[in-house]
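Sequences and hints are given; from them, build the entire structure.
Chains as they are written, first to last, in the working numbering: chain A, 1 to 183; chain B, 1 to 361; chain C, 1 to 247.
None of these hints come from the bench; they were simulated from the model.
A quick note: this is a predicted structure, and the numbers were derived from the prediction, not measured.
Certain hints may be false.
[As the list claims (entries may be wrong)] Some but not every residue of chain A turned toward chain B, in silico, with C-beta under 7 Å:
no., residue
1, VAL33
2, MET36
3, SER38
4, PRO62
5, ILE63
6, THR65
7, PHE81
Even for Gly, the Cβ is constructed at its ideal location relative to N, Cα and C.
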Amino acid sequence: MTEEIIIAGFGGQGVLSMGKILAYSAIMQDMEVTWMPSYGPEMRGGTANVTVILSDERISSPIITRYDTAIILNQQSMTKFEHTVKPGGLLLYDPNGILHPPTRTDIRIAKVEAAKEAAAMKMPKGFNMIVLGGLLKINPLVKTENVVKGLKKSLPERYHHMLADNEKALMRGMEIVETVHDL
Amino acid sequence: MEKEIKLMKGNEALAEAAIREGVDGYFGYPITPQSEVLEYLAAERPWLRTGMVVLQAESEVAAINMVYGGAGTGKKVMTSSSSPGVSLKQEGISYIAGAELPALIVNVMRAGPGLGAIQPAQADYFQATKGGGHGDYRLITLAPSSVQEMYDFVHTAFELAFKYRTPAMILADGAIGQMMEKVTLKPQKERLADDKIKELYPWATTGRKKDAERTFITSLDLDPERFERHNHALQAKYKKIEENEVIVEMLNVEDAEYIIVAFGTSARVSFKAMDLLREEGYKVGLVRPITLWPFPKKEISQLAEKVKGILTVEMNAGQMVEDVRLAVNGRIPVEFYGRMGGMIPSPEEVVDAMKQKLIGG
Amino acid sequence: MVYKKTPLMTDKVLSYCPGCGHGTAHRITMEVVEEMGIQEDVLGVAPVGCSVLAYEFMNVDMSEAAHGRAPAVATGMKRLWPNKLVFTYQGDGDLAAIGTAETIHACNRGENITIIFINNGIYGMTGGQMAPTTLEGMKSSTSPFGREADIMGHPLKITELIAQLPGVYSVSRHAVHKPAAVRKAKRAIRKAFEDQLAKKGTTFIEIVSNCNSGWKMTPVKSNEWMEEHMFPFYPLGDIKKDGKLVK
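Written out as structure tokens, the structure is:
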């Protein structure tokens, strides 16, 4: 199994760290991982995206143009990445701020109201974990228990008191994710 | 013992490898996209873990000369930088090669020429493999294409550098430096004790023993006849390295009709391109030089006897392709596909290039 | 005067011009090493300039450095062998022009090394070109009508500059053209080495010297000229002592 994922949104939404948690979770179940950020000045405030590849085999290119899964968190990224999802792939998005929802019919589409929910839960930092929960509900790439383990490994110990909240956000994402279009 | 596995950036893996390899000193200067090396070391404080010295120098020029100073005393020392900074280090690297000192220089390449761009490139291939600074010398050049190799090659580079008393370079690029992958860490090695250094490296300046000859480290000799002999000795050493130290990875070459030759990030992209081409039924193999110098001439020359054509893929205007063409020596077509300026080719572009330039042509 | 040659000078014939101060500066440095009995723990760094071959004459472990980089080379050595005595021996072009950054930053870090700085106001080895320390009005092959400050810049008092840096423990200026001056310079080198072994910080010794061939004078005349012109601009004595600036 090889899963090629793009996570794209604004800097500050936790795009890169969501990718990191996903990568760490996959390591927990002995998979190979590559986490490749777009780096450069755009990191500060502009758009941020990261490619995450999970595989049972040696991973080839960290640079890819077509994805099995796209997680899209703002309109610019929707414009840029909707068409890059492979037919039969998955597009997961947060409708917050999206002016033009995805229209493709040859892919699975799901949405998760993560920004709204994070605000309701008074956990702005839990945003990316809600999105990740949504992803894992639709496509269980890694086991939930390994996400918790991965989170623990990727967070410095001084943040370990936040593990419970993160887990809560993850579970919440699994509850609220909705399929918009199925194949 | 359970394996110690971590998710790390290439730059961080390199820094951790330096600590665990028992490196005595790191001297650096910040430059994107490799600043994480110095930052990681500063945060880890290896002087508390192993006694390793870490110093932020006032410039790349100073850093490489600190390396020269340390290397001359038999210590295991290194520096890292990115393209413009490595240009500044060239004078020092030439002195290190001339004085026959072991050291590790890391170049996490970005796009040039000039200040260029901070995105990844491979445009320093010539600089790394053909000498870079003034005079007739070579650098053992290792090209990692994964974060694990970024880690592992610190050991390989120092092994070779000390075996031949010559500087070695890890030639990575911004993508390898910035991406994170799974790394299997190795146990901490002890740094060599001072007495052991004196015993193992009689050439090093560690203080002149009473009634013993002094040692001195220099690349200068004002007697041209004697200096020519020194140059011959250097060339003999380089020949030995070329004969014995080539490292190359070859994938799917057994039945291949076409070969892609690529290193570092380009090799990763080409790996996928090869898979895509094979899915379409084309028999394509991949040759990935791991030592760029010494270059796998023999391996490529042998392949030229059995394949129809070679595509070289690089993130530059075509540098390694010259070495490929020398190895092939006109027997089969050698084509080139490259991106520049910080652009990385996509696997699909490589597939198209292979079809247009070789398979269809 | 009767000299007994220190065994820490090699038997190689000095390549310096007759009358030049380098030989004396080498000798007293090595005499201090001998008298302190620290030869096994001394590492020296030679520069590019007339003293590029200093490592051929000083019979201790030494490293040749690229032009201007001696303080960086010494930093590498000292950081990795903190209990060795490390010194650099540099001329004015090396230390105060091309190597200004390395000099200032090594001193500013308070590298626990000793810098011996030979200032003769000229590039000797390359044939008498203008140096950063060439005096105003002084002739050289690249200031044949005398140094004009508005075109060529002012002579640089780098020693006074360095004395300002907190990492620097002692700074003094000497000469080696007369026996009394030689004795003083040698005492200063000894004190600097002792301070280094006591880990006090950077110790810096300037020796104002003649360059009779570069200045195109006889040795005797060049020493007179040095006293008349160099010493007023580069006055001898302590500039910083035991960590405190001397008024």
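Hint check results:
no.	hint	verdict
1	VAL33	6 Å, holds
2	MET36	4 Å, holds
3	SER38	9 Å, violated
4	PRO62	5 Å, holds
5	ILE63	5 Å, holds
6	THR65	5 Å, holds
7	PHE81	14 Å, violated
When each numbered hint is compared with the structure, violations occur for hints 3 and 7.
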